[in-house]
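Trainee: The lines below spell out each chain.
2 protein chains.
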Amino acid sequence: MPASCPLCRAENETVLWQNSRLRVIAVNDTPAAPAFCRVIWREHVAEMTDLPAAARQEMMAAVWHTEAAMRRVLRPVKINLASFGNQVPHLHWHVIARFENDAFFPDSIWAAPRREAVPELPEGWQRQVAELLAAEA
Amino acid sequence: MPASCPLCRAENETVLWQNSRLRVIAVNDTPAAPAFCRVIWREHVAEMTDLPAAARQEMMAAVWHTEAAMRRVLRPVKINLASFGNQVPHLHWHVIARFENDAFFPDSIWAAPRREAVPELPEGWQRQVAELLAAEA
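Protein chains in written order, with the numbering used here: chain W, 1 to 137; chain Y, 1001 to 1137.
Hints may contain errors.
[Said to hold, decoys possible] Listed next, the stretches of chain Y that the computed footprint assigns to chain W, with coverage defined by at least 3 CB atoms under 8 Å from CB atoms of chain W: (1) 1009 to 1022; (2) 1026 to 1032; (3) 1101 to 1107; (4) 1113 to 1126.
[As the list claims (entries may be wrong)] Here are the in silico distance ranges between beta carbons for each label pair: (5) Y:His1044 with W:Asn28: 48 to 54 Å; (6) Y:Ser1020 with W:Glu11: 22 to 28 Å; (7) W:Arg115 with Y:Asn1028: 29 to 35 Å; (8) Y:Glu1100 with W:Ala10: 26 to 32 Å; (9) Y:Ser1020 with W:Arg72: 28 to 34 Å; (10) W:Pro6 with Y:Ala1054: 34 to 40 Å; (11) W:Ala137 with Y:Pro1122: 27 to 33 Å; (12) W:Ala3 with Y:Ala1046: 37 to 43 Å.
Read the hints as simulated data drawn from the structure, not as lab findings.
Note that CB positions come from ideal geometry on N, CA and C, so glycine has one too.
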């Protein structure tokens, strides 16, 4: 657990679901992409192919549960999934619900924004996603 | 199979591996990100959670094989994985080998480039990846 890794520390997070191996959080620091969750493997591992097959499968099951819950609650036009880790090489998946009127659509949220519009999301969507994740577990 | 979907058509592709359900291609139209493969599900499906569990697992197995082969041949500093489909809602995974001196590092390849440098890649890396994928299949 490198002392410098922000994903090892897990401070100030909105945790939607967790077990001893991974956690699902709501990402609240990206106002232009407000419908954003992250699945974080607890152990400090860099790549999916560094994980044993069973762990890889557990990680992806959490990603699919998160995608399914976000689709059900948010009714997005598309889900975007990404595992980069260039800045923080600690395994984590971005799960992002996309809308035609969001700041970046149809580009990725890592492109330059096309507009200022921020989609209106259902009230309490993070709690609803957390409830669906708890029901799946 | 919508007539307008470019991923249904499969024209002018460098196929590295394929079976009846998916194909792995080398992406040659993004000069700033030259170490780039794509895993494409043949059926016109939009989201991973639209696939039955077994198909989802087969798709991801192809992604892990591609990641493992690219790591072995290219020795990148990081692998980036992404499934967006905002422009083409036909399931496909980007598998991108990243280098500290590539045009975007440590940002995603969808951000604005930071430099012009293009990493030197091993000669014939696509053929080597194809051979490893064939050996895994």
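Trainee: If any of the earlier hints don't hold here, list their numbers in rising order.
Mentor: Numbers 1, 2, 4, 5, 6, 11, in rising order.
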